[in-house]
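Asker: If you want the building blocks of each chain, they are given just below.
There are 2 protein chains.
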Amino acid sequence: MSSCIVPVSSDSHFSIHNLPYGIFRPSASSAPRAGVAIGDFVLDLSVIAAAGLFNGPFFSSPSCFSESTLNSFMGMGRPIWKEARSTIQNLLSGENPSLKDNADLRKQALIPMSEVKMELPASIGDYTDFFCSEHHTKNCSKIFRGEYALPPNWLHLPVAYHGRASSVVVSGTGIRRPMGQSFPPTSDGKTPPYFGPSRRLDYELEMAFFVGPGIELGERITIDNAIDHIFGLVLMNDWSARDIQFWESQPLGPFLGKNFGTSISPWILTLEALEPFKCEAPNQEPPCLPYLTETSRFTYDIPLEVAIRPAGEEKQSVVCRTNFKYLYWTIAQQLTHHTVNGCNVRTGDLLASGTISGPDKESWACLLEQTSNAQHDIVLEHGGIRKYLEDGDDVIFSGCCKGDGYCVGFGTCSGTVLPAS
Amino acid sequence: MSSCIVPVSSDSHFSIHNLPYGIFRPSASSAPRAGVAIGDFVLDLSVIAAAGLFNGPFFSSPSCFSESTLNSFMGMGRPIWKEARSTIQNLLSGENPSLKDNADLRKQALIPMSEVKMELPASIGDYTDFFCSEHHTKNCSKIFRGEYALPPNWLHLPVAYHGRASSVVVSGTGIRRPMGQSFPPTSDGKTPPYFGPSRRLDYELEMAFFVGPGIELGERITIDNAIDHIFGLVLMNDWSARDIQFWESQPLGPFLGKNFGTSISPWILTLEALEPFKCEAPNQEPPCLPYLTETSRFTYDIPLEVAIRPAGEEKQSVVCRTNFKYLYWTIAQQLTHHTVNGCNVRTGDLLASGTISGPDKESWACLLEQTSNAQHDIVLEHGGIRKYLEDGDDVIFSGCCKGDGYCVGFGTCSGTVLPAS
Ligand SMILES: [Ca+2]
Ligand SMILES: [Ca+2]
Ligand SMILES: [Mg+2]
Ligand SMILES: [Mg+2]
Ligand code: NI
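Order-wise, the sequence lines are chains A and B. In terms of the working numbering, the first sequence opens at residue 18 and continues consecutively. In terms of the working numbering, the second sequence opens at residue 18 and continues consecutively.
Here chain A stands alone, though its shape is the one from the complex:
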């Protein structure tokens, strides 16, 4: 099935095979509602619902698409997600002619993407950040502790920490350079810390998933059920102020060095859309404990890129090419581990992968790694050098799976660095 009632170029991220969900406003003054990206358009699902076109056995006349977050829909579970996807795909392919043959409805339901304003797709109760890339972990260890090695726990469990839910923002939101305390890196240990704008502002290329149906406190999600609790994936930039982070992190981990802003892409790709891009996950040696052992272990082949566009520069310079498949711990393992102690999760919770670095330098997914914490420069293809980010830099993540003649992509997750104030 490749035909679509909307023109979709073969390199569009939003083919009829994709159909990612988001929350948008048709114009700045209109109310937020749910939509699906298709080519250069957004399909307004509240209009499709009002037209009575969701009328299947599980999912009929839903009100959830008129809400300002996707949480209700995300909580309904896979049978409903599949039925909704199938309905939307049939409408957009023309197999069901109800949209194709109704010019008024098409006009009302299909809005040029250039006109809409995207919003955060969900109300996020809790946000957790994992640390699932072996290469990122070893590179960080080398930079901070002089040893290219994994911590003793790392091969046994997906290390994670809690992040700040309040400061997760949608792609396109400007990120203000944070003020904070830092410690002079050349210090003798007696010099006091200084206060001011971060001098080591960084990005971290990550992906994150949204929890679908949650569980109650005291329950746990088993490894073979984990996928049923996962709604879909987004790109994520875990902006990091390395100078603030280093000074504050002992002994309890990152705090103000991270919580000034975390950007996510507006479109959530479902696991159904990613199904054709399933691939083997890295072999785990030593084998993990039984509660983390997957009957069917897989991940997704998602090529990812980071580009920087300095202020006043028209062209983006790609500075990183990596892939989601490099991660050692899968999304099923992350969610299973998170709940093994009885920790409850709620619909809309966001679980991020950690920085997705691969084996070669081009794939190292933050400036900390690429410049060895400002010991080297990187040279931008279209002008400029960087140790860390400068004010005005636009940082653009993208991710796109290539099918046979079509794409299933995430669009972009971007943010411009605003000067400290």
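Simulated from the structure, these hints should not be mistaken for lab results. Quantities reported herein were computed from a predicted structural model and do not represent experimental measurements.
Note: identical chains are not told apart, hence a pair may lie in one copy or across any two.
Below, a list of computed lysine-lysine pairs in the DSBU-like style, where the Cα atoms sit at most 30 angstroms apart: (1) Lys159 / Lys207; (2) Lys207 / Lys342; (3) Lys342 / Lys295.
Use these hints to put chain B with the ligands onto chain A, whose structure you have.
Answerer: Below, chain B with the ligands alone, put in the same frame as chain A:
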């Protein structure tokens, strides 16, 4: 003013000087609403509001007390909080006779505390845990790193990490012993980790405050304004599984060792109620950076206790006596630091102090410290010894400020350890 239309014994935590806010159900089947504790009664504020008795210049006929959380009221700010307090105090003293002289209204509005069911008082967007006790920090450092010392950053900033909001529960909720990975403490470093119920389940005696009016991302709260953003305080038990925590925490901090449950007391004491118990906070040397320097530095003198009541035992054994005033960093400094980087905070966010240990062993506020991580026993006054908590143990925190002939107390924050499942 000590007279009250309800009998209040001189050792009741809930004198007319206190008037803490909570969310309760008059019976298990009725809807949650806001109340104030007075003696052995709860004053139903939704009834008082419906009777038209909130009719001041700032706060008139409010609907917020019929809601299932205090968030709306907490977001309104100090002028309204003060007016509401004054209205309630005048009604309960009889100075305003509208409640005193109306038997029907009294019957409807005053419910025996023994009949009500308390709920979580707020919807908590984000929960942060600080590490503000010098003695706790040094004791932990001694146990883990063999050195009775503070980390280099500790005297310069209030160290903190993000906790899990979803698993904050109200006092009285049973706490299930978590399952998880741990590392044999006697290991040679090659033995693999094991999986099972935590063998080192602990409490941490803390206090926490709720944010009143929040701020937007990119703004900050200055040190002299911080108190205006603080609604009030509760007792908190940051339940901790030390074996899970130790194995997982490097390098990003605590995660599953903490997020299986965090208990708070149901009644929120306002800063107005605590005003008579203001005292000097510890002198800070070296002086902190200007953004953390208080024009008027103070804390509160709040005596605190921990008791354990083993299953089947009638009597509680007090195992810790400490005081909120020992904390090195004040609540104003905590909130100011949290937002100095532009991190937004929302009404209902919970910021906890960290374990409140004092100088002497009796004041060490977790078993980790009291038993040096299971190297010693503690002997319970009413039977039993403990290295860590056992199934069935009821852990009861209390805190009470003694005025002249009256108390301003928090009641208790308790939880019973349920066996792993
Ligand atoms: Ca990260
Ligand atoms: Ca704690
Ligand atoms: Mg972040
Ligand atoms: Mg806890
Ligand atoms: Ni096709």
